[in-house]
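Participant: Residue-level listing of the chains:
There are 2 protein chains.
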Amino acid sequence: MRYELYYWPGIQGRGEFVRLALEDAGADYVDVARETGPGRGVAAMMGVMKRGSGARVPFAPPFLKAGALCIAQTALILQYLGPRLGLVPKAEAARLWAHQLQLTVTDFVAEIHDTHHPVALGRYYHEQKREAKSRTAHFLSERLPKYLEYFESVLAQNAGGRRWIVGRSATYVDLSLFQLVAGLRYAFPETMKRRRRRHAALAALHDRVADRPRIAAYLASERRIPFNEDGVFRHYPELERGVS
Amino acid sequence: MRYELYYWPGIQGRGEFVRLALEDAGADYVDVARETGPGRGVAAMMGVMKRGSGARVPFAPPFLKAGALCIAQTALILQYLGPRLGLVPKAEAARLWAHQLQLTVTDFVAEIHDTHHPVALGRYYHEQKREAKSRTAHFLSERLPKYLEYFESVLAQNAGGRRWIVGRSATYVDLSLFQLVAGLRYAFPETMKRRRRRHAALAALHDRVADRPRIAAYLASERRIPFNEDGVFRHYPELERGVS
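First to last, the sequence lines map onto chains U and C.
Each residue of the first sequence is one higher than the one before, counting from 309 in the working numbering.
Each residue of the second sequence is one higher than the one before, counting from 309 in the working numbering.
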């Protein structure tokens with residue numbers, strides 16, 4: 309099966325959580341909007357999203373084509389791919405749990421995004437910088453600790469041990485937690501440094517994922533887009549400085 | 309199977325999407341935090357959420373106990389309940405699609421919530437009223453139309469007809485769309501009145517759900533908590549007035 313991933317070129321964004329799963333599994337996939345040629349590029353992605361085609365049209369990227377299926381929503385794409393890529397245990401309860409954790413990652417990502425866009429998704433950051441400072445201050449003092457401590461406690465209580473978050477092997481949730489830690493370190497380096505000891509298990513999980521051969525090769529490749537100020541995780545020093 | 313729903317008493321909130329499915333199916337369930345007695349009430353809910361118990365602890369309500377399973381995240385609870393309550397078609401593609409739509413409802417609900425809490429979840433509305441006005445103006449002019457027009461177009465393109473959003477029968481997604489329309493009419497009555505013609509199919513779907521015998525009985529009962537200014541959908545006239 310050759311998968312087709314559709315996501316904005318130029319940013320990691322929400323698409324990166326899917327890319328990490330496909331890369332870790334060594335799956336055969338095309339990153340459609342980053343390619344050129346017929347049926348490729350952003351125009352091809354916009355074509356799928358065009359209404360009136362009679363198909364099941366996604367609300368927003370990322371989405372994945374898998375044969376006749378077209379699946380949107382990051383967490384759902386991962387729920388679908390997990391069993392096919394060997395990135396989730398077999399038991400139903402473990403699969404529900406993995407999806408539940410991934411949906412909590414989704415909520416966290418939305419809150420991270422809104423630190424730099426608290427007023428209007430469709431306007432520039434500099435137009436809402438003052439509100440972004442307030443939101444970031446609250447996020448760094450209340451929300452970031454709450455989410456990270458939650459994932460730390462889930463790791464500590466995993467019956468399969470603290471190496472991975474669900475069961476005894478790596479799942480797509482672990483790959484997403486790697487991305488969260490990497491992204492938060494990029495966006496809020498001082499905060500993450502200051503809190504490093506509290507999140508030793510998450511930091512170890514981050515390193516364990518980064519060392520997986522296919523992930524290490526991916527991160528060193530040009531396929532990994534660098535973090536930048538168009539994505540979810542943005543480094544605006546003035547936002548973090550507001551609370552230090 | 310007797311289900312146990314855990315959610316904050318006193319508000320509809322995200323728990324209401326689950327309540328509507330349980331009520332429509334005539335399921336046997338307990339709304340745990342709204343009851344009194346041993347193992348009931350908010351204290352029982354907080355007990356489940358206490359970390360260190362070795363169990364799979366949810367990040368936040370609502371969550372559902374179904375036998376040995378404890379499932380959180382509204383959309384996941386509905387994905388789990390759907391087949392068991394006869395509220396989703398059998399085909400895999402239709403089930404993926406229903407969950408995808410429900411996750412889009414989830415995103416919409418988060419944006420609706422943030423109109424009155426754009427800066428800090430943990431602070432009062434009146435402490436962030438100015439920012440709420442800006443966010444609501446953007447929400448009502450950009451985001452609300454985008455989401456509602458999306459769901460209208462999905463309804464128009466459903467191969468099973470425009471009566472329901474997936475296939476030929478009511479699904480849990482239809483119940484959630486009813487709740488969205490009802491909640492938005494409560495929170496932003498002028499906007500919804502002005503846009504009524506554009507959303508004729510969604511309005512008809514709302515009425516069709518409201519007329520389902522078990523839903524009608526539920527809405528008329530004391531089990532249906534009235535909309536209020538502690539929930540997701542809040543009527544603050546000053547926010548809507550900011551844009552009229």
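These aren't lab readings, by the way, just hints derived from the structure by calculation.
Since the model is a prediction, treat every value here as computed from it, not as a measurement.
One or more hints might be untrue.
It does not matter which identical chain is used: a pair holds within one copy or between any two.
[Claimed, not checked] 30 Å max Cα-Cα, derived DSS-like pairs, lysine-lysine:
1) 441 - 373
2) 437 - 358
3) 398 - 501
4) 454 - 437
5) 437 - 398
6) 398 - 441
7) 398 - 373
Participant: Each of the hints needs a verdict: does it hold here or not?
Facilitator: Hints versus structure:
no.	hint	verdict
1	441 - 373	neither (39 Å within a copy, 39 Å between copies)
2	437 - 358	neither (33 Å within a copy, 37 Å between copies)
3	398 - 501	neither (37 Å within a copy, 49 Å between copies)
4	454 - 437	both (24 Å within a copy, 25 Å between copies)
5	437 - 398	neither (46 Å within a copy, 48 Å between copies)
6	398 - 441	neither (44 Å within a copy, 48 Å between copies)
7	398 - 373	both (23 Å within a copy, 21 Å between copies)
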